[in-house]
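Q: What follows is each chain in one-letter form.
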Amino acid sequence: MQYKSIKKEEWDNTLENLLLSYAIFAGIPNDASQDYEELRAVDIPKIIYNKPKPATSLKSFFLPVKENVTSENVVKERIIIGIPNCDIEALSILDEIYLDEDFPDINYRERRNNTILISTDCIGIQEHCHCLTYDIMPFSTNTADLAVIFLNGTMILRIITGKGEGFLSTVFPAAIALEDEDILSVIEKEHHATETLLSSANKGLPDYKKTGNLVSGANADMWKRHSARCVSCGACTTICPTCTCFLLIDKPGFEKVKQMDACQYPGFERVAGGGDGLFELPNRFRNRYMCKYVWKPGKFRSTACTGCGRCIEACIGKINKNEIFMELAK
Amino acid sequence: MVNGRNIYKPIMASLTDVIDESPLIKTFVLVPENGFSFKTGQFIELSVDGIGEAPFTPSSSPLITEKLEVTVMKTGYVTECMHKLKPGVFMGIRGPFGRGYPIESFYGKEVLILGGGCGLAPIRSLLYALEGIKDKLIKVTLCYGSKTPADCIYKPLFDRLNKTEKFEAFRTVDKADEGWDGSVGVVTTLLNRIKYDITKSIAVVCGPPIMMKFGTIRLLEMGYKDEQIYLSMEKNMSCGLGKCGHCMMGEFFVCKDGPVFTYNELKNTPDIWK
Amino acid sequence: MKLTAEDLKKISFFEGYTDKQLNTLTRISTIREFKVKEILFEQYDVLSEAAVLFEGKLSLGISLAKEKRIHLGTVEEGQLFSWSAVFSPHISTAWVMAITPAKVISINAEELNKEFVMDCDFGFKTMSKIAQTLSHRLSDTRFQLMNQLNI
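Residue numbers (our numbering), protein chains in the order written: chain A, 1 to 330; chain B, 331 to 604; chain C, 605 to 755.
Don't read these hints as lab results, they were simulated from the structure.
These stretches of chain A come out as covered by chain B in the derived footprint (C-beta under 8 Å, 3 or more residues):
1. 91-102
2. 240-246
3. 263-271
With beta-carbon atoms standing in for the labels, derived distance ranges:
4. B:K477 - A:N142: 55 to 63 Å
5. B:G380 - A:P266: 19 to 27 Å
6. B:P486 - C:N754: 27 to 35 Å
7. C:D725 - A:R270: 57 to 65 Å
8. A:N142 - B:H413: 46 to 54 Å
9. C:N717 - A:R270: 52 to 60 Å
10. B:K339 - C:L749: 43 to 51 Å
11. A:R270 - C:I695: 43 to 51 Å
12. B:G380 - A:R270: 18 to 26 Å
These numbers were taken from a predicted model, which means no experiment stands behind them. Even for Gly, the Cβ is constructed at its ideal location relative to N, Cα and C.
Build out the structure end to end from the sequences listed, making use of the hints.
A: Following this line, the structure appears as structure tokens:
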């Protein structure tokens, strides 16, 4: 892979100039940890690099919580910086669903086309990170346009897509090719260190395929027990980078509003005649796991869980899916 | 500027007639603004302005493109609003969606159709399509059951089919009333009297989930193989095009991978009859 | 109307019998005719004749109380009914009524049983056909149950 480097000062200055023509989003500190904000010039020095991860995923950048899908939606060109690879990988399944050949979602396509994705390599992990268990590396080598690592006052950029290369050479002409093996070796060491931390923190956690088998075979009693603290708040599905179920709501003038929905909300499968396959809470609870680990893998090439761990952090009932999987694996 | 067809935007269709089929069922005759074609077994998302949208399989012939007929049972909020509509208004149509009946693969076959309740609506469309290719078929047998005699829609259809070459139609009811002198019993009782060559036969089942369940069981008992049985599945739908997730049935999107499936495709999917 | 072996050959229920066996059947059978709404027999009646519907349509059901008939099924042309006559306790499990003018092939059950002893092949074939009829009825009843309970 090709690398370029640029001094941080130049990087920051260029970003400031880019604010005139792009909306720029990046992870910056907040009260809790960090999250994406639309940047003003003063925010640029606050951008967090190398450190996982923003509280929310990329999902709402491409699939707003609520949008009118029958009106013209103008999408400003934008750059998103500091995306962890788990969120980048999550885009793959979103692309498969929303950019399919038969019925491409033009609003989603427009947003994808108008966005430059700059991921950041994770040096270090957060408490519930487990991307590696699902064969997802803590750094990007595809889908993102560029990846950035902040090292010793320098921005190191991994060029991933042609779009990223074009963007870099046009907008950051001062970036120079990096061939220094020592620096590349440091980056590789940091990758290994992060991978070691991930392996250690997630010892015994079954991989994606095994998880699917375990979830398939779990009995009704298990689901009943683990769903006892669930209140169907839908925090897990809202925060999840790959959960994208929605409802189409009719408005006057045959307009349609697309609003995020979730199988965790009662009534998701209810038919007009009254039947509802997910009426019982344990069934609803189980549905999300079956969908993510058994059904979507049967249907799509891309993964439906990238191991970001946000569902574990978000759950108000303190339900930890990894603890459930470890119990099933025993 | 967003380019390309907007998959969420309906085309307009003028409601030209409303036919009362039964106290709870009406057929809407729609003329889409630009002509509309569908394959039998596919469905549309039909909307009432500002109220809501619901999926329906047209009950008219797929060979007619200037208009289509949709038979609607009053079951919930949207269908109740639909039932209040008068000719002259516009409705929205998105579609056609889904995988319909593969009628080309019915060539050279005996087609056995097992229908129940409102399932007769999509079956009527299939029958029209099969009439169009009847030279290529051995025969078509319709076995239909409704809860009571009054619940049967398209009553003239049965006499007409029995007078059509290569077609025969039988009816039964779960519960008879005073004037009923026809068969009584669930629809599978009609299968006891039909003659069929299992090696040349395919079966189509369409109706309420419970009827489809025991209909399939009966067909398997008769010797039909999993891949010879075609089912038209129903689920709560929203987008109709494989994105919103509401109609997922195991790994399948009923709206995109179906609604027509062979039993072979579904036999390992749990809870398909809920 | 005099029943002949040729008449029986037209009815699928009698497929597989030899000409000799068909002749036996014609010897021990009579054609009975019924008017619309005529009751052929009531639930709990002791039956002496097995029957195959030759023409018309019959309804079949159970009685919850005197005069309260629950119509549960239909006997179509070519179908066997009144099979309870063939074996003990010979008590009908349902009432049967003609809903159109009907012609029924009534087979003397006592004579049938005597023939079973003389011709085991005939006995086996006949009992197989009865078993098949009951199997279909059982299947249909199970589906009625599924339908009502929505399971």
